[in-house]
Amino acid sequence: MMACALFSFSCTRKGQQPAEETLADSVIADTVEAEPETDSVTVAPSKKADGLFDDFIFVFMKNKAFQKERIKFPLNIVKQGVASSVMEKDWKFDPLYSRHETYTIIFDSERSLNDPKRTDLEHVVVEWVYLTQHTVKQYIFDKEQGQWRLTEINSHRFDKNENSDFYHFYARFANDEEYQSEHIENPFAFKTYDYDNFEDIEGLLDVEQWPDYRPDLPTEVMTNINYGQSYRSSTKRILMLCSPSGGMGCNLTFEKKDGEWLLTKLEN
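Numbering of the sequence shown is given in the numbering used here, commencing with residue 11 and proceeding in unit increments.
No wet-lab data here; the hints were simulated from the structure.
Each residue gets a CB set at the ideal place from its N, CA and C atoms; glycine is no exception.
Wrong hints could be hidden among the right ones.
[Said to hold, decoys possible] Here are the in silico distance ranges between beta carbons for each label pair:
| no. | residue 1 | residue 2 | range |
| --- | --- | --- | --- |
| 1 | E79 | Y189 | 37 to 47 Å |
| 2 | N185 | S240 | 51 to 61 Å |
| 3 | A199 | E98 | 28 to 38 Å |
| 4 | T245 | M97 | 35 to 45 Å |
| 5 | I211 | E120 | 42 to 52 Å |
| 6 | E98 | D226 | 34 to 44 Å |
| 7 | V88 | E270 | 28 to 38 Å |
| 8 | D216 | A93 | 46 to 56 Å |
| 9 | V88 | R182 | 24 to 34 Å |
| 10 | G91 | K266 | 27 to 37 Å |
| 11 | G269 | P197 | 17 to 27 Å |
| 12 | S108 | Y223 | 23 to 33 Å |
[As the list claims (entries may be wrong)] BS3-like mimics (lysine-lysine), calculated; alpha carbons at most 30 Å apart, straight line:
| no. | residue 1 | residue 2 |
| --- | --- | --- |
| 13 | K127 | K201 |
| 14 | K170 | K58 |
| 15 | K74 | K102 |
| 16 | K170 | K266 |
| 17 | K74 | K89 |
| 18 | K102 | K89 |
| 19 | K127 | K82 |
| 20 | K102 | K246 |
| 21 | K246 | K127 |
| 22 | K147 | K246 |
| 23 | K58 | K153 |
| 24 | K267 | K147 |
| 25 | K275 | K127 |
| 26 | K266 | K153 |
| 27 | K201 | K99 |
| 28 | K78 | K201 |
| 29 | K74 | K127 |
| 30 | K99 | K89 |
| 31 | K147 | K99 |
| 32 | K246 | K266 |
| 33 | K147 | K89 |
| 34 | K201 | K267 |
| 35 | K201 | K89 |
| 36 | K58 | K78 |
| 37 | K102 | K78 |
| 38 | K246 | K267 |
| 39 | K127 | K153 |
| 40 | K275 | K147 |
Between the sequences and the hints, there should be enough to build the whole structure, so can you do that?
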């Protein structure tokens with residue numbers, strides 16, 4: 011299972027970022043070539059792969075045969091509102107975010123942090139968010155007859171996404187240091203874990219201290235997994251930085267106050 015090990019390790023400062031991708035003219039150009047087959051089939055499908063979505067997606071990203079088996083062909087492709095399809099013979103293995111050191115999830119509340127553990131989910135969307143291009147590529151998964159399947163890939167501009175407001179904000183927050191410092195609540199809440207004394211440490215930090223604790227943030231490309239978050243109805247975002255190996259976790263909480271998004275809490 012590829013879940014975040016929250017608060018077990020401090021946020022890394024050496025996270026590798028995926029290269030930026032353009033919206034090509036065909037899905038084949040968008041997908042990523044497989045690694046040698048010996049690498050792509052090392053993870054065998056678990057009998058429980060269709061329980062938690064995270065268990066399923068871990069195998070989907072690692073096992074070439076399993077991935078093709080779990081795609082609904084011809085796969086519907088929508089780019090900027092224009093529909094097409096790709097046949098099984100033309101599909102190229104896509105490792106999604108499994109080859110990157112970090113990935114991110116954006117939750118809409120503390121309650122939704124538990125959504126990855128739900129076994130009753132029937133619809134999950136995995137997103138690549140291209141911050142400099144202001145585009146989103148969605149992998150849409152549906153559970154059909156008890157099995158998860160990729161049913162559509164949809165690429166569109168930020169403005170067509172339900173999380174558009176936050177994506178526009180974050181794209182600037184991550185790339186403009188002056189704007190970033192202006193959008194941090196002063197003071198902001200801080201929480202970490204003291205491994206020497208085995209206890210949580212909580213307090214407040216001044217904005218001037220932010221550079222000392224700031225994790226490496228995605229600046230060009232980020233991911234998101236929507237397990238059912240309702241972004242339009244929430245004025246809170248919890249950005250979770252994760253490691254596919256489960257070896258790192260870090261949360262940044264943003265809240266919209268007086269029409270402006272502000273970083274209000276850092277947990278690592």
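Are the Cα positions of K102 and K246 separated by 30 Å at most?
37 Å, violated
Need the status of pair K74, K102: alpha-carbon distance at most 30 Å?
9 Å, holds
Sort out whether K78 lies within 30 Å of K58, counting only the CA atoms.
Since the Cα atoms of K58 and K78 sit roughly 18 Å apart, the hinted pair holds (cutoff 30 Å).
Pair hint outcome, K246 versus K267 [Cα-Cα no greater than 30 Å]:
10 Å, holds
Within 30 Å, alpha carbon to alpha carbon, are K275 and K127?
24 Å, holds
Should the hint that G91 and K266 are 27 to 37 Å apart at their CB atoms be regarded as holding?
29 Å, holds
Hint says 51 to 61 Å; check whether the CB-CB distance for N185 and S240 agrees.
Because 27 Å falls outside the window, the suggested range is violated.
Falls inside 35 to 45 Å, the C-beta gap from T245 to M97?
44 Å, holds
Within a Cα-Cα threshold of 30 Å, do K58 and K153 meet the stated pairing?
Cα-Cα ~14 Å, so holds.
At the C-beta level, are S108 and Y223 separated by a distance inside 23 to 33 Å?
Holds, at about 28 Å.
Take the C-alpha atoms of K78 and K201, compute the straight-line distance between them, and say whether it is at most 30 Å.
42 Å, violated
Is the hinted pair K201 and K99 satisfied, with a Cα-Cα distance of at most 30 Å?
Violated, because 50 Å separates the two Cα atoms, which is more than 30 Å.
In summary, the structure is inconsistent with hints 2, 3, 5, 14, 20, 26, 27, 28 and 35 from the numbered list given earlier, while agreeing with the others.
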